[in-house]
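Chains as they are written, first to last, in our numbering: chain V, 1 to 304; chain U, 1 to 425; chain W, 1 to 287.
None of these hints come from the bench; they were simulated from the model.
Just so we're clear, the structure is a prediction, and the values are computed from it rather than from any experiment.
Be aware that one or more of the hints could be misleading.
What the hints assert, rightly or not - Here are the computed lysine to aspartate or glutamate pairs in the DMTMM-like style, where the Cα-Cα straight-line distance is at most 25 Å:
#, chain 1, residue 1, chain 2, residue 2
1, W, Lys61, W, Asp83
2, V, Lys276, U, Glu342
3, V, Lys303, U, Asp196
As the list claims (entries may be wrong) - Just a few of them, taken from the derived set where beta-carbon distance is under 7 Å, the chain U residues facing chain W:
#, residue
4, Arg231
5, Ala292
6, Asp299
7, Thr301
8, Ala302
9, Leu306
10, Ile308
11, Asn309
12, Ser410
13, Pro413
14, Arg416
15, Gly418
To be verified - Listing some non-contacts, in silico: residues in chain W with all C-beta distances to chain V over 10 Å:
#, residue
16, Glu141
17, Ile145
18, Gly250
Glycine is no exception: its CB is placed at the ideal position from the N, C-alpha and C atoms.
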Amino acid sequence: MDYFLQQLINGATLGAIYGLIALGYTMVYGIIGMINFAHGDIYMVGAFISLIGLMVMGALGLTFIPLALFLVVLLAMIFTALYGWTVERIAYRPLRGSSRLAPLISAIGTSIFLQNYVQIAQGARAKPLPPMVRGSVDLIHTGNFQVTISYLQIMIIALTVVLMAGFTFMIRKTSLGRAQRATEQDMTMASLLGINVDRTISITFIIGASLAAVAGLMVTLYYGVIDFYIGFIAGIKAFTAAVLGGIGSLPGAMLGGFLIGLIEAFWSGYFSVAYKDVGVFAILVLVLIFRPTGLLGKPEIEKV
Amino acid sequence: MTALRLRTELVDALIAAFVAALLALPLLGFKLTDSATGLSLDYRWPLVGYAAGAVFTGRLAIGQLRHFFGARFDRTRGQSDIYSADPGRARIMFGWALIAIALVLPWLPFADKGLVDKATLVLIYVMLGWGLNIVVGLAGLLDLGYVAFYAIGAYAYALLAKTFGISFWLCLPLAGLLAASFGILLGFPVLRLRGDYLAIVTLGFGEIIRVILQNWGEVTGGPNGINSVPRPTFFGLPFSAISPTGPTFHEFFGLPFSPVHRIYFLYYLILALALFTNIFIIRIRRLPAGRAWEALREDETACKSLGINPTLTKLAAFATGACFAGFAGSFFATRQGFISPESFSFIESAIILAVVVLGGMGSQIGIVFAALLLVGLPEWFRELEQYRMLAFGAAMVLIMLWRPRGLLASRSPTVRLGKLAEAAS
Amino acid sequence: MNKDTLPQRILEVERLSIRFGGLLAVNDLSFAAHDREITAIIGPNGAGKTTVFNCLTGFYKPGVGRIRLTHADGRDYLLERMDDFRIAREARVVRTFQNIRLFAGMSVLENLLVAQHAALMRASLFSVAGMLGLPSYRKAEKIAIERARHWLEKTELIAAADEAAGSLPYGAQRRLEIARAMCAEPVLLCLDEPAAGLNPHESLELNELLLAIRAETGTAILLIEHDMSVVMQISDHVIVLDHGAKIADGSPQAVRADEAVIHAYLGTPDSEDLPPDLAIGIAKAGR
Ligand SMILES: Nc1ncnc2c1ncn2[C@@H]1O[C@H](COP(=O)(O)OP(=O)(O)O)[C@@H](O)[C@H]1O
Ligand SMILES: [Mg+2]
Numbered sequence: 001m002d003y004f005l006q007q008l009i010n011g012a013t014l015g016a017i018y019g020l021i022a023l024g025y026t027m028v029y030g031i032i033g034m035i036n037f038a039h040g041d042i043y044m045v046g047a048f049i050s051l052i053g054l055m056v057m058g059a060l061g062l063t064f065i066p067l068a069l070f071l072v073v074l075l076a077m078i079f080t081a082l083y084g085w086t087v088e089r090i091a092y093r094p095l096r097g098s099s100r101l102a103p104l105i106s107a108i109g110t111s112i113f114l115q116n117y118v119q120i121a122q123g124a125r126a127k128p129l130p131p132m133v134r135g136s137v138d139l140i141h142t143g144n145f146q147v148t149i150s151y152l153q154i155m156i157i158a159l160t161v162v163l164m165a166g167f168t169f170m171i172r173k174t175s176l177g178r179a180q181r182a183t184e185q186d187m188t189m190a191s192l193l194g195i196n197v198d199r200t201i202s203i204t205f206i207i208g209a210s211l212a213a214v215a216g217l218m219v220t221l222y223y224g225v226i227d228f229y230i231g232f233i234a235g236i237k238a239f240t241a242a243v244l245g246g247i248g249s250l251p252g253a254m255l256g257g258f259l260i261g262l263i264e265a266f267w268s269g270y271f272s273v274a275y276k277d278v279g280v281f282a283i284l285v286l287v288l289i290f291r292p293t294g295l296l297g298k299p300e301i302e303k304v
Numbered sequence: 001m002t003a004l005r006l007r008t009e010l011v012d013a014l015i016a017a018f019v020a021a022l023l024a025l026p027l028l029g030f031k032l033t034d035s036a037t038g039l040s041l042d043y044r045w046p047l048v049g050y051a052a053g054a055v056f057t058g059r060l061a062i063g064q065l066r067h068f069f070g071a072r073f074d075r076t077r078g079q080s081d082i083y084s085a086d087p088g089r090a091r092i093m094f095g096w097a098l099i100a101i102a103l104v105l106p107w108l109p110f111a112d113k114g115l116v117d118k119a120t121l122v123l124i125y126v127m128l129g130w131g132l133n134i135v136v137g138l139a140g141l142l143d144l145g146y147v148a149f150y151a152i153g154a155y156a157y158a159l160l161a162k163t164f165g166i167s168f169w170l171c172l173p174l175a176g177l178l179a180a181s182f183g184i185l186l187g188f189p190v191l192r193l194r195g196d197y198l199a200i201v202t203l204g205f206g207e208i209i210r211v212i213l214q215n216w217g218e219v220t221g222g223p224n225g226i227n228s229v230p231r232p233t234f235f236g237l238p239f240s241a242i243s244p245t246g247p248t249f250h251e252f253f254g255l256p257f258s259p260v261h262r263i264y265f266l267y268y269l270i271l272a273l274a275l276f277t278n279i280f281i282i283r284i285r286r287l288p289a290g291r292a293w294e295a296l297r298e299d300e301t302a303c304k305s306l307g308i309n310p311t312l313t314k315l316a317a318f319a320t321g322a323c324f325a326g327f328a329g330s331f332f333a334t335r336q337g338f339i340s341p342e343s344f345s346f347i348e349s350a351i352i353l354a355v356v357v358l359g360g361m362g363s364q365i366g367i368v369f370a371a372l373l374l375v376g377l378p379e380w381f382r383e384l385e386q387y388r389m390l391a392f393g394a395a396m397v398l399i400m401l402w403r404p405r406g407l408l409a410s411r412s413p414t415v416r417l418g419k420l421a422e423a424a425s
Numbered sequence: 001m002n003k004d005t006l007p008q009r010i011l012e013v014e015r016l017s018i019r020f021g022g023l024l025a026v027n028d029l030s031f032a033a034h035d036r037e038i039t040a041i042i043g044p045n046g047a048g049k050t051t052v053f054n055c056l057t058g059f060y061k062p063g064v065g066r067i068r069l070t071h072a073d074g075r076d077y078l079l080e081r082m083d084d085f086r087i088a089r090e091a092r093v094v095r096t097f098q099n100i101r102l103f104a105g106m107s108v109l110e111n112l113l114v115a116q117h118a119a120l121m122r123a124s125l126f127s128v129a130g131m132l133g134l135p136s137y138r139k140a141e142k143i144a145i146e147r148a149r150h151w152l153e154k155t156e157l158i159a160a161a162d163e164a165a166g167s168l169p170y171g172a173q174r175r176l177e178i179a180r181a182m183c184a185e186p187v188l189l190c191l192d193e194p195a196a197g198l199n200p201h202e203s204l205e206l207n208e209l210l211l212a213i214r215a216e217t218g219t220a221i222l223l224i225e226h227d228m229s230v231v232m233q234i235s236d237h238v239i240v241l242d243h244g245a246k247i248a249d250g251s252p253q254a255v256r257a258d259e260a261v262i263h264a265y266l267g268t269p270d271s272e273d274l275p276p277d278l279a280i281g282i283a284k285a286g287r
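From just these sequences and the hints, can you work out the full model?
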């Protein structure tokens, strides 16, 4: 029982990170119908920028950790968002309106480019970081029955929930959100009605990348080690999460993220760590077979 | 007028340079170095300046080029524009010429062991590209895990040949069949889904196969893979210097021993396999099955309204494509003599897909060019490992931007009434 | 009237309903279509005509209702239970689309061969005989090409046989879609606004084509049409839909004079929808 609860907490933490990345996939897919294959690598770039940011704070002698973290989150979001924006601008925008495969290939190329760029710029070896946020709370502690949640885990889950709620509000209620939904429905019509489609799409990429940057910072703090390759597998899983939740749906991405995190934690905990990715994909396939539009996706009948 | 243009271009380039500097600042400006005492930070400010400078000049140069070539950069082409009613006589001649070159390549004066070996590698990707072309180019299904079937073929050959001593020519169809069965197993539940879901499921499948290969140590050898996979023989004659079981290739033909024999043999073997794949595709395109694949790519709803079962048709394409990957995998295993999960990572799937799409979807010759460009060319830059992949990624993006439909996108009809009428009269 | 003189009832739709969210797109609709007849379905935009076709051809599954198709040999098919591609292949209900759906990158002839997929697939023994180039398959392919040629001649597309379908002018694309459907040898041919976007001359030719199809093959035709002149000239039977429900059913003349029909069309805010013939009818009714 205690083991179960502990895995639940670990899974939720992991799921929060996947959920943040998944939001980027789902928003981009929703608006331009493309799998942004480079998004996982944007997250990786975000992790590196965060790590460098933390080191810079250290070099500047800023030792008050909450303030340092706050500044790093901000900086990482800004710089990673710039990467996201640039990628869209250079590699995707000129291909809007051509076949479905062209932007996908371009995205895969971007992904390969970013991986090798970071590898060349920062070296291939994994970068370790000593733990910065220490301490934990014992939720239950009786005899050998022990469940703990670390401050870091609390921070990750809380920050994720806050960010998700904020962005959902933004997309539901603001004019930016309306522009996004209009562009999603019909790009030509939206632009005829005076919506700046290019800008709307750019902002979507910026939001997605900044959320990925937050995920990157969290992973850096949580695992204490990153390398240039982390974007690939996390990207696949986050995309899986988006599909699982119903691609195009924001709450779906969050739900999917948490579920993938939980599946992974429980699969590792109860079956096998080596095969945890197999578990994730097996469940994805099952869900797609029985609910092809994902858990929260609207079942739609294609208009003929 | 020109002054104004220059001004706008300068401003434009300045903005681009500024963005580049910002992008470079965190990742190039700082360098994380890990030493015994932990991470430390180095500063490389000049790199930020170089990046900005390079982007500034590059941007200006592109502006000038665009001005000079003007209309050539116009990339808008419609769906039926790539169609040509012309049977493409020039293209067919060109194809024959390529085959002729391939046949005599090892005997050309400048050909050496290294070149033939590189050509073999290119041909593997040509074959894989043609195989994936069935799935992506003809049937329009997005398969991001093609390498899984390649891996299945390779391991099937290695295990069958090593454990049971089955010969290459018997293993080849078996490996193909096994890969095709996996294709059916995977395709059956997911081919009913929307196209993008297929992409993610195949991607996941590729990873699953790799994870299994890596962890199922008793059978697959785990991360260490399988070594001393039986090497190819010339109808039973091994290509080794001496053999305990009978005459070797060089003894039988009274030649002095040379390791080149095996390399040349492997080259012709993959050439034959690739040509077989090509002939298969040319023929199937003219059959109802192949036409249904293309029709499905064009409009699935219309296909259903004409009585075509889309799931079954897609499944056939998926399994056929997988089968050819299985063949190629067997060849890979016997060529290397050693296989490990490392050879079957996602990047391989990405390269094969890039070969198909950059070649020009559905174009057989385009795939040859793309394979030469993406696989052959980088082989000359082996030493620059990371920079090579960096350029590879950038090239994928640039080629797509330059020709979104691929290098040689064109399709001519598989049957022509005009030609039939000519033949009748 | 003697039962024998009536044409055989081929399609029978009973109490068909389908709902999209809050919208009842088709509401308790019953009608029948007969062999060798052209049955027109008319109604204002959004009345649910295309949705009825989608139910008939299996693209939508109706919530309620039964759709029975009877072949000349007496075999019955309950279409609401069948997969879309089975309906085309086995029950032989073949349709065209309101927004033309051709295989745009393939040639005109190839489009017509794809329509004969099932027969050719069998003849090629699922590609085996075809791969080997056996004479049995070559013969079957020749027959298929002959059939294609026949319909290309009927639709005056023979000169464009080797062109890309997507490069044809609009009117030719509409005709090609009909030719393609005919190559699938339908028992019931469903045409969704085949005259939309045609000029008066092309529209006239379309009428003749439809009459020729009926005369030659005896195929029953179900026709969604906006152009009243087409409906009045060639249909034997007219069904009028409004807001998903049937408001009139009868001969063209009877329907033209029907009050409910006139009101349905008058009620449409978009007055351009008003067919000229109805306008006359309305004028008469107003007097
Ligand atoms: N797949 C669908 N999902 C939701 N609404 C639909 C769908 N298909 C049709 N409708 C709605 O049903 C109504 C009838 O549409 P339709 O049958 O296309 O009308 P028409 O008579 O012009 O052909 C319309 O209001 C349309 O928006
Ligand atoms: Mg309609």
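Status of the hints after comparison with the structure:
| no. | hint | in the structure |
| --- | --- | --- |
| 1 | Lys61(W) - Asp83(W) | holds, 9 Å |
| 2 | Lys276(V) - Glu342(U) | holds, 19 Å |
| 3 | Lys303(V) - Asp196(U) | holds, 18 Å |
| 4 | Arg231 | violated, 32 Å |
| 5 | Ala292 | holds, 5 Å |
| 6 | Asp299 | holds, 5 Å |
| 7 | Thr301 | holds, 6 Å |
| 8 | Ala302 | holds, 4 Å |
| 9 | Leu306 | holds, 5 Å |
| 10 | Ile308 | holds, 5 Å |
| 11 | Asn309 | holds, 5 Å |
| 12 | Ser410 | violated, 10 Å |
| 13 | Pro413 | holds, 4 Å |
| 14 | Arg416 | holds, 5 Å |
| 15 | Gly418 | holds, 5 Å |
| 16 | Glu141 | holds, 30 Å |
| 17 | Ile145 | holds, 29 Å |
| 18 | Gly250 | holds, 29 Å |
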